[in-house]
Amino acid sequence: MSLSRDQVQKVSLLARLRLSEAELETMTAQLGQIVGYVELLSELSTDDVEPMAHAVELSNVFRDDEPRGSFDRREMLSQAPRTDGEFYLVPPVLD
Amino acid sequence: MSLIELSATQLLAELEARRITSVELTQACLAQIERHDGRVGAFLRVDAQGALQQAERIDQRRRNGEPVGRLGGLPVAVKDLLCSRGELTTCASRMLENFRPPYDATVVARLKAADAVLLGRTNMDEFAMGGSTENSAFQKTRNPWDLERIPGGSSGGAAACLAASMVPLSIGTDTGGSIRQPAALCGVTGLKPTYGRVSRYGLVAFASSLDQVGPLARTAEDAALALEVLAGHDPLDSTSVDRPVPNYHQTVRRPLEGLRLGLVREHFGPGLDGEVEQAVREAVRVYESLGAKVKQVSLPHSKYGVAAYYIIAPSEASSNLARYDGVHYGHRTDERALADELAAERQALGPGREDEVDSALVRMYRRSRSEGFGPEVKRRIMLGTYALSAGYYDAYYLKALKVRRLIRQDFDRALAEVDVIAGPVTAAPAFKIGEKSDDPLAMYLVDLYTVSANLAGIGGIALVCGYSSGGLPIGLQLQAAPFEEERLLRAAHMFQQATDWHLRRPKLP
Amino acid sequence: MSTPYEIVIGLEVHVQLRTQTKLFCGCSTLFGAPPNTQTCPICTGMPGTLPVMNRLAFELALRTAVALHCEVAEFTKWDRKQYYYPDLPKGYQISQFDLPFSADGYLRISDAKGRIEPKKVGIIRAHLEEDAGKSVHDEQAGQADSRIDLNRAGTPLLEIVSMPDMRSPAEAKAYLAELKLLLTYLDVSDCNMQEGSLRVDANVNLHITTESGKVVATPIVEIKNMNSFRSVERALAYEAERQYEAWRETGQELGEVPKQTRGWDDAANVTRAQRHKEESSDYRYFPDPDLAPVQVDPETVERVRSALGELPADWRHRLEVTYTLTPYDSDVLVNQGRRFVDYFVQLAELTGDGKLASNWMQQDVLREMNERGIDIVQFPIPPDGLAELLEKVKCGAVDTTRGREVLLTMLETGKTASEAMESMGIHALDDSTLIELCRELVAANPKLVADVKSGKLQAAGAFVGQAKKKNPNVNPARVREICLELIQQM
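So the sequence lines, in the order shown, correspond to chains A, B and C. So the first sequence is numbered by this note's numbering: it starts at 4 and just counts up by one. So the second sequence is numbered by this note's numbering: it starts at 20 and just counts up by one. So the third sequence is numbered by this note's numbering: it starts at 5 and just counts up by one.
I should point out that these hints are in silico values taken from the structure, not numbers from a laboratory. Even for Gly, the Cβ is constructed at its ideal location relative to N, Cα and C. Each hint should be verified, as a subset may be incorrect.
[As the list claims (entries may be wrong)] DEER-style ranges, computed between Cβ atoms:
1. B:Lys314 x A:Glu53: 25 to 31 Å
2. A:Gln10 x B:Gln68: 47 to 53 Å
3. B:His252 x C:Gly259: 49 to 55 Å
4. C:Asp194 x A:Glu60: 22 to 28 Å
5. A:Glu89 x C:Asp194: 23 to 29 Å
6. A:Glu89 x B:Glu75: 53 to 59 Å
7. B:Asp359 x C:His141: 18 to 24 Å
8. A:Glu60 x B:Asn83: 43 to 49 Å
The task is simple: from the sequences and hints, build the whole structure.
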């Protein structure tokens with residue numbers, strides 16, 4: 004199965020990436036090739052197989068509801084691209 | 020032998036006996052880096068000043084007769100994927116070029132608590148995605164055995180700095196072979212522990228259900244020492260397992276009596292380089308000479324490993340890397356240029372059609388991410404996003420999780436019959452830089468022998484077992500049942516006691 | 005007036021669970037802190053950080069699901085719901101997709117005043133998830149930066165999704181009121197809508213019977229931004245009319261257009277279409293590899309069930325049976341919350357008179373609580389203090405009207421009932437004093453006496469008024485009694 008350029012374009016929006024025309028071209032070809040390869044799995048019958056999402060099968064891992072203290076705001080905001088000292092700032096969301 | 024060629028275990032004995040100081044050792048390492056890293060490129064950053072200060076502190080404590088930790092005064096290199104409080108942690112990505120996490124990864128905290136001297140940060144494929152370290156956004160790392168060749172990856176810097184005698188111990192991560200493969204290609208020893216053995220907290224996630232931290236070292240004995248420091252339950256990691264940590268460094272010296280060694284039928288098919296096959300079979304004979312019983316076993320689904328891996332890993336990665344959106348940390352695009360671009364596009368379209376182009380916010384996301392990520396990272400994000408998207412989930416992701424179960428069941432069956440599975444790490448020795456750059460699929464297929472352990476969650480160790488006619492290291496991989504690191508380390512140590520491949524050093528110009 | 009359509013309503017309620025810390029990290033969940041002061045590397049999704057689940061959050065969620073008669077899954081897992089928004093720092097929300105921890109429950113709703121018919125509203129599912137942060141947008145859209153506060157990011161939320169079982173805005177309101185009451189009895193949430201601890205979205209459409217007798221369904225609309233139960237009721241009423249008009253204009257039916265989201269504008273009293281997302285939502289759910297699944301065995305569910313205690317429905321029944329209250333009275337008391345009922349039960353036991361206790365609590369205690377803006381826990385007079393006053397009323401030492409004044413004095417001064425009566429000079433007058441007073445009044449009012457004698461018994465009321473002027477402590481019933489006796493003897 005191969006991917007269309009249009010599909011790749013849509014996936015790039017979903018992934019919040021922007022691809023140039025040339026990148027889109029290469030990406031379409033490469034993804035098509037890789038997807039073609041992973042099709043290999045379809046030859047296996049897996050109807051009765053439980054999916055394995057975790058490499059170690061633990062369950063019921065909890066912590067107690069005990070406050071650990073938050074981090075200093077200055078320290079947290081110091082890593083942000085743009086702030087006003089109180090909030091993280093982003094371009095207008097409603098435009 | 021000079022100081023920098025000794026093993027970590029030997030060096031710690033010297034330090035303990037106060038025949039050498041940590042400052043001397045650290046200076047020797049720094050001198051070697053100074054001399055050779057310009058060509059090798061193993062380190063992204065070396066913290067000479069911080070390392071010497073720490074070395075001095077440890078020496079002082081030793082002089083005062085105060086107790087020091089397990090790695091007291093030993094220089095250690097850390098892959099740039101592990102967070103270190105207040106220090107740059109870039110993941111070899113433009114995205115995190117200026118990122119200083121306000122926290123330590125649990126393994127970094129453990130190294131600090133063990134009084135290690137953190138020498139610097141090693142190069143890697145961006146976000147650990149790759150097998151050659153060519154995907155670093157900052158520099159190439161070269162294989163010390165042949166500077167025209169790749170050191171493997173993604174922990175390429177971690178393996179290269181060991182091979183080049185710049186440091187006695189280094190810490191890497193392994194998602195699909197990223198410790199074992201560069202260890203093999205650089206002729207050192209690399210251990211990927213069982214999933215859950217070592218905390219992932221502060222390990223910048225590539226594929227969360229596959230990632231695991233582990234040591235790269237000169238010898239299995241050193242790897243055992245390092246694992247003892249790294250391993251253990253961490254309440255900050257829900258997937259870390261709460262079970263006792265054996266005294267690996269003690270037990271590693273005990274040979275395994277009546278070892279049952281499994282050879283996987285499917286490992287010796289077409290595609291395996293003749294010299295690699297020969298070296299691996301020779302290693303098996305060494306084990307036989309040590310009393311091991313060799314048995315054929317089968318991992319019938321191993322040929323599906325790479326396909327399952329390249330669905331699961333990119334799917335998780337596409338999600339794990341969604342957080343790099345230029346809002347709370349990391350790279351953000353130039354907002355002035357963004358605003359200009361938006362205005363120009365809207366003007367070109369004319370009034371009433373403003374909604375046809377990306378909004379300022381979406382534009383910020385897309386520009387920031389496209390500028391911050393390199394091509395391989397983008398490829399995997401695209402692949403994973405596609406595999407998880409509506410209509411494809413069952414055919415790709417769910418199918419891959421089921422195949423993953425089959426692969427695990429293969430191991431369970433095989434490892435009921437034998438104690439350790441032995442085989443190649445890679446189909447061929449290190450390839451030339453640039454050789455596979457234009458062929459992502461060919462690059463992915465390099466992971467054939469390593470991805471299955473990550474999918475199954477079991478441990479694996481790679482150690483050098485010979486050299487090609489061109490003088491390149493060839494790796495042997497041993498795999499064992501979950502939480503049988505002791506067995507892996509003892510088996511590797513037995514081999515290293517009987518051979519001296521691991522003692523060879525490349526001649527650096 | 006009957007409408008040519010039936011309104012079909014399903015509600016999605018998000019409840020913030022009463023934990024001290026967030027769902028996956030140790031940051032506080034207290035409301036109202038300065039922006040970004042309750043965050044850490046985990047809840048801001050910094051690289052390499054990992055979630056570890058808050059046990060209490062899961063337990064509170066479980067308790068609620070059991071109280072809603074849900075089936076509790078033996079195996080449940082956590083999924084990532086992926087979308088980009090600046091207040092969602094990881095780029096995904098940890099939630100539950102295909103295997104929620106509970107499903108298939110119900111909640112009974114009714115109304116003591118009979119405004120709705122009693123019914124069972126089905127619960128499709130209840131699942132646990134983390135909240136996002138808060139985005140503060142510029143009033144003048146698009147003029148200035150949006151500001152992001154992550155204090156709320158990672159707060160535990162229980163999402164409760166009902167079946168589309170409600171058929172009127174009043175039913176929807178009754179469902180919400182009963183759900184909120186249940187949650188407060190369970191003590192799993194403070195349910196404060198102003199602070200966002202309880203949020204409601206509604207899915208609504210119409211089943212219209214056309215002239216030909218055919219029933220058509222209108223497209224389902226999701227309504228958001230309703231900040232009170234009253235606004236839910238109003239929004240639904242508005243939306244029903246709007247959909248009917250829209251259908252008459254366009255004839256559009258369910259399935260012909262994509263699901264629309266509309267926001268309720270409380271000031272303008274209308275719903276408005278919300279702007280489309282960038283792409284049709286494709287959340288790419290998949291199991292979160294960072295979190296272990298949870299297994300709940302049937303014994304645990306049983307343990308939770310037996311520890312639930314009495315819930316609103318149980319209390320209503322008990323108050324009716326034990327204290328012979330009317331369904332209406334018990335409903336009013338129970339709807340005031342668990343603590344209010346506790347107070348009532350103590351008062352009723354102390355006075356041995358459920359009806360009297362109920363009347364005083366419904367009228368006087370409730371009025372004082374409302375005037376003072378306090379809840380029953382803050383009410384300054386404990387049950388035994390109020391019981392003392394009620395005893396005085398019962399034995400006639402003070403009448404109800406004067407008793408209310410005593411209550412006010414008690415509230416203002418902190419005095420006990422006896423002390424307050426003492427300070428107000430209220431003491432039971434002995435009969436001889438009363439008879440003396442009545443003699444004077446009868447002698448001074450020949451006209452009234454004549455009226456009474458001619459059969460106008462209500463004229464006796466005027467004696468009571470005059471007696472109270474002379475001495476506010478008189479027992480009005482006794483005054484009336486004595487005066488009538490005296491007149492008869494004349």
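Results of checking the hints against the structure:
| no. | hint | verdict |
| --- | --- | --- |
| 1 | B:Lys314 x A:Glu53: 25 to 31 Å | holds (29 Å) |
| 2 | A:Gln10 x B:Gln68: 47 to 53 Å | holds (52 Å) |
| 3 | B:His252 x C:Gly259: 49 to 55 Å | holds (53 Å) |
| 4 | C:Asp194 x A:Glu60: 22 to 28 Å | violated (37 Å) |
| 5 | A:Glu89 x C:Asp194: 23 to 29 Å | holds (26 Å) |
| 6 | A:Glu89 x B:Glu75: 53 to 59 Å | violated (42 Å) |
| 7 | B:Asp359 x C:His141: 18 to 24 Å | holds (23 Å) |
| 8 | A:Glu60 x B:Asn83: 43 to 49 Å | holds (48 Å) |
When each numbered hint is compared with the structure, violations occur for hints 4, 6.
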